[in-house]
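J.: Under this note's numbering, think of the first position of the sequence shown as 1, with each following residue one higher.
Careful, some of the hints might be misleading.
Stated by the list, open to error - No more than 20 Å apart at the CA atoms, straight line, and that leaves these computed lysine to any residue pairs for SDA-like:
(1) 185 / 195
(2) 185 / 70
(3) 66 / 151
(4) 66 / 45
(5) 187 / 212
(6) 185 / 151
(7) 198 / 236
(8) 198 / 186
(9) 139 / 125
(10) 66 / 169
(11) 185 / 150
(12) 233 / 256
(13) 233 / 255
(14) 187 / 210
(15) 66 / 185
(16) 66 / 26
(17) 251 / 231
(18) 66 / 56
(19) 198 / 272
(20) 139 / 254
(21) 167 / 68
(22) 233 / 257
(23) 139 / 122
(24) 139 / 61
(25) 66 / 48
(26) 241 / 272
(27) 129 / 255
(28) 139 / 175
(29) 233 / 251
(30) 66 / 82
(31) 66 / 30
(32) 198 / 182
Hints are computed from structural coordinates only; laboratory data are not their basis.
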Amino acid sequence: MVVIEELGLESSITDDQVASDVFRGTIFSRSVSFRRRIHSESSLGTAIEERNIHFICENNSGTIVKCYSVHSIGRYIYVAMESSECSLSQAMRFVFSGGIDTIGVLANQIEYLRTHFSNPRVFYEANGKPTPLLIRMVKQILEGLRDLHQSGIVHRDLDIESFYLVKHPNSDGFIVKIGNLGFAKQKDANLAIAPRPKLMAPEQTNRSPYHGQENDVFLVAVVLGYVFTSGNKLFVDPSNKSNLTYTAQAKGLLQSSPEVYYLLKGLGHATYHQRFTSLSALHLEL
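Could you put the whole structure together from the sequences, leaning on the hints where they help?
T.: Encoded structure:
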């Protein structure tokens, strides 16, 4: 066990764990989650830029994970974030696997998942309709993207790992918040020279690529496709603008739920200027 006394943190960080691991701890008596990275000049610069992006937008939103501070200690960089129960990805994988998939889940998160997500009907009713909980989570995902965009930020790297379940301040429940802003930029920045994200919208792969908030909207359609299809893909190849084909699982979902079909089709339109905005999507009935 490593004790980082400078942060008032006592955590089970060991040297053989990967640099992307997340740990619980405290800083100045505040419960936080620490994201750890291998120290380098570039990773320190990225962490500081991420913190600055958080500061631009998070004070006006309850749907963006807060970032408190960045610390360089030994051969690691620690980014202190708002404490979360688990990631959206961990919760979804746990449910979709029937409680088997706990890869990357810390010991203190497993009990939380078992308590809140052991019911196989937690997301879908027996008739196949989304539960109120799932609809609320989808709305919160869209609210997070709306708040980010209204702050003038482009996330650029949205996927299922970009969202976290944070304890609700006034109840025993949780709020889904958007995070992982390491690739995020202000929308008037030169996004063409920014680091290349893992997944891109179709218009970003053109010979003359377009970069903007519409890219995020397409990526959130991919995230919601994963959520609604119980862990399957929405598109066979999301970067193929000329042949943006739904997977078999997505086709089944879209045929059975016109409301979900309308939402995902509008968010995931192949032509970026014809997509819904995150704000307009929030006005749809699900």
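J.: Confirm or reject each hint.
T.: Evaluated hints:
1. For the hint pairing residue 185 with residue 195, the CA-to-CA distance comes to about 10 Å; that is within 20 Å, so the pair holds.
2. For the given pair, residue 185 sits about 18 Å from residue 70 by alpha-carbon distance, which is consistent with the 20 Å threshold.
3. At most 20 Å may separate the alpha-carbon atoms for a hinted pair to count; residue 66 and residue 151 meet this at roughly 14 Å.
4. Distance restraint check for residue 66 and residue 45: the Cα-Cα separation of roughly 18 Å lies within the 20 Å cut-off, and the hinted pair is therefore satisfied.
5. Taking the CA atoms of residue 187 and residue 212, the gap is near 6 Å; set against the 20 Å cutoff, the hint holds.
6. With a C-alpha separation of about 11 Å, the suggested pairing of residue 185 with residue 151 holds against the 20 Å cut-off.
7. For the hint linking residue 198 to residue 236, the alpha-carbon distance of about 16 Å falls within 20 Å, and the restraint holds.
8. With a C-alpha separation of about 19 Å, the suggested pairing of residue 198 with residue 186 holds against the 20 Å cut-off.
9. With a C-alpha separation of about 18 Å, the suggested pairing of residue 139 with residue 125 holds against the 20 Å cut-off.
10. Between residue 66 and residue 169 the alpha-carbon distance is near 14 Å, which keeps this suggested pair within the 20 Å criterion.
11. With a C-alpha separation of about 13 Å, the suggested pairing of residue 185 with residue 150 holds against the 20 Å cut-off.
12. For the suggested pair residue 233 and residue 256, the alpha carbons sit about 17 Å apart, so the restraint of at most 20 Å is met.
13. Restraint check: the Cα-Cα separation between residue 233 and residue 255 comes to about 16 Å, which is no more than 20 Å; the hinted pair holds.
14. Simply put, residue 187 and residue 210 have alpha-carbon atoms about 12 Å apart, close enough for the 20 Å limit, and the pair holds.
15. For the hint pairing residue 66 with residue 185, the CA-to-CA distance comes to about 16 Å; that is within 20 Å, so the pair holds.
16. Taken as a hint, the residue 66 and residue 26 pair is honoured in the structure, with Cα atoms around 14 Å apart against an allowance of 20 Å.
17. Distance hint between residue 251 and residue 231 is fulfilled; the C-alpha atoms sit about 14 Å from each other, no more than 20 Å.
18. Restraint check for residue 66 and residue 56: the C-alpha separation of about 11 Å stays at or below 20 Å, so the hint holds.
19. The hinted pair formed by residue 198 and residue 272 meets the criterion: a straight-line CA distance of about 19 Å does not exceed 20 Å.
20. Our distance criterion of 20 Å between C-alpha atoms is met by residue 139 and residue 254, whose separation comes to about 18 Å.
21. As the CA atoms of residue 167 and residue 68 are separated by approximately 17 Å, the hinted pair is consistent with the 20 Å bound.
22. Straight-line distance between C-alpha atoms of residue 233 and residue 257 comes to about 17 Å, which keeps the hinted pair within the 20 Å bound.
23. Between residue 139 and residue 122, the direct Cα distance comes to roughly 16 Å. Compliance with the 20 Å bound is thereby established for this hinted pair.
24. With a C-alpha separation of about 14 Å, the suggested pairing of residue 139 with residue 61 holds against the 20 Å cut-off.
25. Taken as a hint, the residue 66 and residue 48 pair is honoured in the structure, with Cα atoms around 14 Å apart against an allowance of 20 Å.
26. For a cut-off of 20 Å, the pair hint linking residue 241 to residue 272 stands: about 10 Å separates their Cα positions.
27. At roughly 12 Å between alpha-carbon atoms, residue 129 and residue 255 fall within 20 Å of each other, so this suggested pair holds.
28. Distance restraint check for residue 139 and residue 175: the Cα-Cα separation of roughly 10 Å lies within the 20 Å cut-off, and the hinted pair is therefore satisfied.
29. At roughly 11 Å between alpha-carbon atoms, residue 233 and residue 251 fall within 20 Å of each other, so this suggested pair holds.
30. About 5 Å separates the Cα atoms of residue 66 and residue 82, which keeps this hinted pair within 20 Å; it holds.
31. A threshold of 20 Å between alpha carbons decides the hint, and for residue 66 with residue 30 the separation of about 12 Å falls inside it, so the pair holds.
32. Distance restraint check for residue 198 and residue 182: the Cα-Cα separation of roughly 12 Å lies within the 20 Å cut-off, and the hinted pair is therefore satisfied.
The structure shown violates none of the earlier numbered hints.
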